[in-house]
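Per UniProt numbering, the very first residue in the sequence shown carries number 1; after that it's consecutive.
Just to be clear, a hint being listed does not mean it is correct.
Now the in silico label distances, taken between C-beta atoms and shown as ranges [claimed, not checked]:
hint, residue 1, residue 2, range
1, VAL136, SER157, 23 to 33 angstroms
2, LEU213, SER160, 48 to 58 angstroms
3, GLU137, SER157, 22 to 32 angstroms
4, SER160, GLU128, 43 to 53 angstroms
5, SER153, ARG132, 25 to 35 angstroms
6, ASP145, GLU124, 27 to 37 angstroms
7, GLN146, GLN125, 28 to 38 angstroms
8, LEU213, LEU159, 48 to 58 angstroms
9, GLN117, SER153, 48 to 58 angstroms
10, VAL218, ALA143, 57 to 67 angstroms
Simulated from the structure, these hints should not be mistaken for laboratory data.
Beta carbons: idealized from backbone N, C-alpha and C, even for Gly.
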Amino acid sequence: MGEGWKGKRENGVTFSSQLSQVFEEKNALSLQLRSSSRNICESHQHYSEVLNRCFVLERQLQELQSADKGMDLFPTDAAPGAPQEKNEPQRGSYTPELQELQLRLSETEHLHSSTKQDLRYLEEQLEEERDRRLAVEEALSAAQDQIRRLQSSEWASSLSASIDMTPGHEHSLLIDSMDNNFSKTRNILGLRRLLRSLFRSRTHLPLLVAVYLLTLHVLLFLCFTGHL
1 MGEGWKGKRE
11 NGVTFSSQLS
21 QVFEEKNALS
31 LQLRSSSRNI
41 CESHQHYSEV
51 LNRCFVLERQ
61 LQELQSADKG
71 MDLFPTDAAP
81 GAPQEKNEPQ
91 RGSYTPELQE
101 LQLRLSETEH
111 LHSSTKQDLR
121 YLEEQLEEER
131 DRRLAVEEAL
141 SAAQDQIRRL
151 QSSEWASSLS
161 ASIDMTPGHE
171 HSLLIDSMDN
181 NFSKTRNILG
191 LRRLLRSLFR
201 SRTHLPLLVA
211 VYLLTLHVLL
221 FLCFTGHL
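Just need the whole structure built from these sequences, with the hints factored in.
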């Protein structure tokens, strides 16, 4: 009986030790499980934070893409190895300035296009003015040539008329002037004979005075009228 009891006691001790070892392993596993659960919770929290950050970055990116479509016109080079997520707020902070620059660029392009159209219109107007000026200069030159031809024709006509004057006409003019001179000379001689006869006769003295006065008036009249 003693050996049976002793065997049962040794089996109980072995079982107790095994049970104690199981409890220790259980406690260790419980500690590991709690640690793992804590790590899982921390990982889940970190994952949630990362996911929320991704959502925030995606929303900011969508806002930048919708509000600042001209962002690609002004690329910014990031330093090698620098985190790209830190550049997103900076890009968002430059959005008003970029929008203003984009608006000014659009206005400048519109002004450049309008100025180019105005310049083209002015060039066309200048070309038309040059054509009209050339036509006026050609018309003026033609008019001057015509005036010179008319003047030359008139001078040639007057010269031809003076050369083509007939000798008979010149002779008639000479005879007329000689007849006028002869009639004037004959009148003067007759007047002298009349005065001489009056001076020789004393009875005709009053008549002589009257004739003298009449002759004086006639001479004055002829002088004033230009016949003498």
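To see whether the hints hold, each was checked on the structure:
At about 31 angstroms, the beta-carbon gap between VAL136 and SER157 stays in the expected band of 23 to 33 angstroms. Take LEU213 and SER160: their Cβ atoms lie about 55 angstroms apart, and the range 48 to 58 angstroms holds. Between GLU137 and SER157 the beta carbons are some 30 angstroms apart, a value that agrees with the proposed interval 22 to 32 angstroms. Hint check: SER160 to GLU128, Cβ distance near 48 angstroms, so the stated range 43 to 53 angstroms holds.
A beta carbon spacing of about 31 angstroms between SER153 and ARG132 agrees with the range 25 to 35 angstroms that was offered as a hint. A hinted range of 27 to 37 angstroms holds for the C-beta pair ASP145 and GLU124, which are about 32 angstroms apart. In this structure the hint that GLN146 and GLN125 lie 28 to 38 angstroms apart at CB holds, the actual value being about 31 angstroms. Our hint of 48 to 58 angstroms for LEU213 and LEU159 holds, since their Cβ atoms are close to 53 angstroms apart.
With their beta carbons about 54 angstroms apart, GLN117 and SER153 fall inside the hinted range of 48 to 58 angstroms. Judged by the Cβ atoms, the range 57 to 67 angstroms given for VAL218 and ALA143 holds: they are separated by roughly 58 angstroms.
Checked against the numbered hints above, the structure breaks none of them.
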